[in-house]
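Enquirer: Whole structure, please, built from the sequences with the hints as guidance.
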Amino acid sequence: MARMDRWMTGFARSLARRTSRRSVLAGIGTALVGGAAVPLLPVARGRAEPAPGDRVTPSGEPDPTTPAGDPQDCGYWRYCAVDGFLSSCCGGSHNACPPGTQMSPITWLGTCRNPADGKEYVISYNDCCGKDVCGSCICRRHEGDKPVYYTPKSNDIDWCMGTREIIYNSTVAVVVGVAREKG
Amino acid sequence: MARMDRWMTGFARSLARRTSRRSVLAGIGTALVGGAAVPLLPVARGRAEPAPGDRVTPSGEPDPTTPAGDPQDCGYWRYCAVDGFLSSCCGGSHNACPPGTQMSPITWLGTCRNPADGKEYVISYNDCCGKDVCGSCICRRHEGDKPVYYTPKSNDIDWCMGTREIIYNSTVAVVVGVAREKG
Amino acid sequence: MGRRALAGLLLVGLAAAARADVPVESLGRVETLPLPPGPHWAWVGDPVFRHATLVDLSDGRTLGIVNAGFGMPTVLTPAARPEFYVVETHYSRGSRGERSDVLTIYGGRSLAAEAEVVLPPKRAHAANTAGMLALSDDDRFVAVFNLTPATSLSIVDVEARRFSAEIETPGCSLAYAAGPRRFVSLCMNGALMLVEVDDEGREARKTRSEPFFDPQLDPVTEKAARWEDRWLFASFESWIHPVDLSGAAPRFEERWSLVNDAERVDDWRIGGMQHLAVHEPTGRLYALMHRGGPDTHKQGGTEVWIYDLASRERLQRIELHGLGFSYLGVPLRAEGFTGWLIDKLADWTLGMAPDIAVDAIAVTQDAAPRLVTVGAVSGAVASYDALTGEFLGRAYVGNATNVTLSTPFARTGGWR
Amino acid sequence: MGRRALAGLLLVGLAAAARADVPVESLGRVETLPLPPGPHWAWVGDPVFRHATLVDLSDGRTLGIVNAGFGMPTVLTPAARPEFYVVETHYSRGSRGERSDVLTIYGGRSLAAEAEVVLPPKRAHAANTAGMLALSDDDRFVAVFNLTPATSLSIVDVEARRFSAEIETPGCSLAYAAGPRRFVSLCMNGALMLVEVDDEGREARKTRSEPFFDPQLDPVTEKAARWEDRWLFASFESWIHPVDLSGAAPRFEERWSLVNDAERVDDWRIGGMQHLAVHEPTGRLYALMHRGGPDTHKQGGTEVWIYDLASRERLQRIELHGLGFSYLGVPLRAEGFTGWLIDKLADWTLGMAPDIAVDAIAVTQDAAPRLVTVGAVSGAVASYDALTGEFLGRAYVGNATNVTLSTPFARTGGWR
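Protein chains in written order, with this note's numbering: chain A, 1 to 183; chain B, 1 to 183; chain C, 1 to 416; chain D, 1 to 416.
Hints listed in this document are in silico derivations from the structure and should not be mistaken for laboratory results.
Please read these numbers as outputs of a predicted model, since none were measured by experiment.
Just to be clear, a hint being listed does not mean it is correct.
Estimated spans, in silico, between C-beta atoms of each pair [stated by the list, open to error]:
hint: 1; chain 1: D; residue 1: A150; chain 2: C; residue 2: V118; range: 29 to 39 Å
hint: 2; chain 1: D; residue 1: P23; chain 2: C; residue 2: D295; range: 25 to 35 Å
hint: 3; chain 1: B; residue 1: R164; chain 2: D; residue 2: G336; range: 52 to 62 Å
hint: 4; chain 1: C; residue 1: S311; chain 2: D; residue 2: G336; range: 48 to 58 Å
hint: 5; chain 1: C; residue 1: N260; chain 2: D; residue 2: E335; range: 33 to 43 Å
hint: 6; chain 1: D; residue 1: V118; chain 2: C; residue 2: T148; range: 50 to 60 Å
hint: 7; chain 1: D; residue 1: Q216; chain 2: C; residue 2: K344; range: 44 to 54 Å
hint: 8; chain 1: D; residue 1: R255; chain 2: C; residue 2: P34; range: 49 to 59 Å
hint: 9; chain 1: B; residue 1: R164; chain 2: C; residue 2: P34; range: 48 to 58 Å
hint: 10; chain 1: D; residue 1: G393; chain 2: C; residue 2: E159; range: 56 to 66 Å
hint: 11; chain 1: B; residue 1: R164; chain 2: D; residue 2: S110; range: 28 to 38 Å
hint: 12; chain 1: C; residue 1: R29; chain 2: D; residue 2: N189; range: 27 to 37 Å
hint: 13; chain 1: D; residue 1: Q216; chain 2: C; residue 2: V118; range: 45 to 55 Å
hint: 14; chain 1: D; residue 1: G336; chain 2: C; residue 2: D295; range: 27 to 37 Å
Under 7 Å between C-beta atoms, here's a sample of chain D residues computed to sit facing chain A [said to hold, decoys possible]:
hint: 15; residue: D21
hint: 16; residue: V22
hint: 17; residue: V24
hint: 18; residue: V30
hint: 19; residue: S58
hint: 20; residue: T62
hint: 21; residue: I65
hint: 22; residue: N67
hint: 23; residue: A112
hint: 24; residue: G329
In this text, a Cβ means the ideal position worked out from N, Cα and C, and glycines have one as well.
Expert: Quick look at the structure:
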């Protein structure tokens, strides 16, 4: 029994470790219906860490071997306010929807800091719609989220209302510009 | 802690207890789609145990505090060849479907031995249809089951084809007669 | 093996029926729900299986289900008629094709779909369930919140069983009942919109209040609770904003805090999918609480705090038990020591991760009320004595996950 | 807090775009599947989420999903055209209303529903997936098994994308491809029915063979595997019945046993939802085995046994690994020691209960083939080197449970 306890302790600890910022069991309800409406994050933040220099990829992205640079990781810099499944784990990529889905044109924008260059980027979070829930890589970061009546900042809303079907599959994070460097 | 299980007396008893013969994790696939078509069990069996005597209920049923006498237990005598969810855990009873479902008229018959009187009864297993899967009290006993092409003995088949919708919810076990006492 | 063909057995069976100790039974029987309904009924909704299950918390028994289509399964219960209302979204090909939004009327005895009213296919879908639809206090009209992203309410006459009208609510969202023929929506600027409908369910009057909170600084959540003629809105920072809707214009009462200064420093905070409930007969408020920083307003809870609404004083803190474990509807349970360990593990892991927690609470309205808890982590429903806080146990209803919850007779205690 | 309105931010963003290190990207992009397809693609179907997921076992990546409606999600893949076929059942109101059975044609690049063919609403539903539908060897016609309980086949011309005919198969069920324009059904008396269709998909010829097994004594399962022009049927008692369908009439070859006498005494037996697979290039048969008494023919497996089909000798026994744990699509994984323990627990519990086991296997048809395993117990897909038996790992595809499995290019290695 002592062994069992130890296993459970380890298991639970590891769950806790991995979920301080994100989900393991993932608020399935939110995930299934909630779209990727994205709250606008504060632009004003402290000074960026120094750019990682030689680890930066040509496109200006962070080191892809770190969470902040891995589009299949909830910690990817562009996902700072995502609530949903990551298209990049569902047959799409961080900026393209999975095959056979439609990208919703109605969406909201977030502002995420790219650790590679310290700049704040304007990110468009678009839902991928018309196929049912992907189920992979649930990613929930409620920072800046507001209630449904504050529609453009509510990440509970299924934004697939802009496509043929309201059925939600997953979410992309598209760079649409750079915000002011200091908020 | 003792109070915790008070509800559950006679209700959805731990499936783990029965894992040697039946399901814990319950072949969800089978359960979701597979109906309750019921194989015909061999009638010829060894001599019955002595009838439980004073534990027998007026209706000739086994002691309801034992699995063989508890219609919410997979071990209930009439379920000798069920494959599906028990209507008795889903808002119905062992011989009535849950509210709002329809009982399929197309079905198959099984033969189960009632330990209370040692007799073999002809049991009609009818699927309850038109609402989606109940999910409670999965009960799988493949004894005598045959493949789909041997239709009247295949418990994989969704027998809701006899009702308005083929959507499977759960299954009842209705006594329709007594078989010969010795096969 | 002694197997017989169907026909043979059937004949043998019927011929021998007279000798049976267990009498021959009739085929085709379908159960109905009892009338009057039990005081401890609760609807628990599972968006994975796309249905809501009616459970009697007195004995843990499942009473039946209603299917609900895409989205969060929510059931409305009128007091005037033995019926249930479910708003559904379907596509002709499951996830594609033609969209149909309907309000389905289920018989309160039969639990069968007795009628449906087709709605404009504009209904809002969200992970949030609070305020998405409302039943007027006279049980005559249902308001369904639409988002396209233009905002409006679809009004359904559930007595006549027909669609009445669509009423635009520019800048305002959601619907809460506020009188016999009146609904209230929350506006982006922190105000309320009052929508009054006439006997035909058409727009009679539409007024906007002054803002009563700052949506930038500390927004109130959608997850409000009704207390007689008041709605109690909780803010992200755990302030209760009572709104008295007994008069023609709303009266905004002074806000009060669910947490004291020390608790605030300790990061105690309201959270979850449905985090407020009121027991009207005793005037008690139940709030689902957890420890977490800003932006954890959707994180599930580990405790329920009980308040006396008249004095605004806290009466009790209940440390919640875990919701148990289930896999696709099958409870992971055992007897004896293993069962005890599983229970302990459920209790011990509660709150260990943001989603291993209680997401919604509700309270029944009888004299021996039950506090009910559900969460996405499990298909179980846990209940407590709502007056003493004593844990009474869990019921497993066959669901994969439970994220919506309502006690059907929350305001009336049963059908009239 | 420095928050800005949408319009403001958008303007700022666009104005400043020129200074960005990460270039501005375009909206509306949707991925397509690669052409040619990978050799290690597999479709895994989840009846809870009602979809099938395409996964590349080379890297464990999910490629996309197709929705499949009520029942067991099964995907057919022709060699002639870059397409996938899915037969679906839908109701206009989810679980009630008007029934529609359709065959949907998905683009092999787009994975979008390009066309649909409406079928008679008679399609059989069962927990079994084998033989429920078949694609003719010339990729022209799909046969769908109907059960009302009268038995018939719906024939769809998938090239012309239209319904062709319904062909009655009295006493016979299921459909297996057996030639360019021919299907085979299994009959209740242990015989085969051969159904040949003409260029329009109408019935051309229908013949019955002699019985080749005794359905009372030892029935063959539906879960047959194709080996060139043969179908290999396994019986409950683990006998392989090879049926050569190269000629006008079937040739029933001598049966052979998957188990030796000692293994038979030890209760080793075939079982599961899909328990046979063939690697055609090497002529190897894979059989899913477990220990269990009579009537355990649907119990999942703990080992895969590999045979050389030419010599009928067993080459290898693979002890299967557990399928891991997931909850509603979310893998229960960890790093380090805890992760190791979770893996061990998955391995250790495999076979501990009838349903904590491998329910289906499949093999890819390339020169470095993968053996794939799935089961209801987990949303994971495990894969092995099909030649050495080496365990290669698990992929989690976001499914709640996996009960159907197919390798799309099982006979052809890709689209022509």
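Enquirer: At a threshold of 7 Å, is the proposed contact between D:N67 and chain A supported by beta-carbon distances?
Expert: Hint on D:N67: holds, closest Cβ of chain A at ~5 Å, below 7 Å.
Enquirer: Just tell me: holds or violated, for the beta carbon distance of D:V118 and C:T148 against 50 to 60 Å?
Expert: Violated, since D:V118 and C:T148 (Cβ atoms, about 31 Å apart) do not stay within the stated range.
Enquirer: Can the suggested window of 45 to 55 Å be confirmed for the beta-carbon pair D:Q216 and C:V118?
Expert: holds, 53 Å
Enquirer: Should the hint that C:N260 and D:E335 are 33 to 43 Å apart at their CB atoms be regarded as holding?
Expert: Cβ of C:N260 to Cβ of D:E335: about 40 Å, so the range 33 to 43 Å holds.
Enquirer: Does D:A112 pass the interface hint, meaning its C-beta sits closer than 7 Å to a C-beta of chain A?
Expert: With a minimum Cβ separation of about 4 Å from chain A (threshold 7 Å), the hint on D:A112 holds.
Enquirer: Can you verify the interface hint for D:T62: is its Cβ closer than 7 Å to any Cβ in chain A?
Expert: Holds, because the Cβ-Cβ distance from D:T62 to chain A comes to roughly 5 Å (cut-off 7 Å).
Enquirer: Do the numbers back the hint for D:V30, that is, is its least Cβ distance to chain A under 7 Å?
Expert: holds, 5 Å
Enquirer: At the C-beta level, are D:Q216 and C:K344 separated by a distance inside 44 to 54 Å?
Expert: holds, 51 Å
Enquirer: Given a hinted range of 25 to 35 Å, is it respected by the beta-carbon distance of D:P23 and C:D295?
Expert: holds, 30 Å
Enquirer: May I ask you to test the interface hint for D:I65 with respect to chain A, counting a Cβ-Cβ separation under 7 Å as satisfied?
Expert: For D:I65, the interface hint holds, since the closest Cβ of chain A sits about 6 Å away, which is under 7 Å.
Enquirer: Tell me if the beta carbons of B:R164 and D:G336 are separated by a distance inside 52 to 62 Å.
Expert: Given a distance of about 54 Å, which is inside 52 to 62 Å, the answer is holds.
Enquirer: Grab the minimum C-beta distance from D:V22 to chain A and call the hint holds if it beats 7 Å, violated otherwise.
Expert: For D:V22, the interface hint holds, since the closest Cβ of chain A sits about 4 Å away, which is under 7 Å.
Figure legend: structure checked against the earlier numbered hints; hints not met, in rising order: 6, 9, 19.
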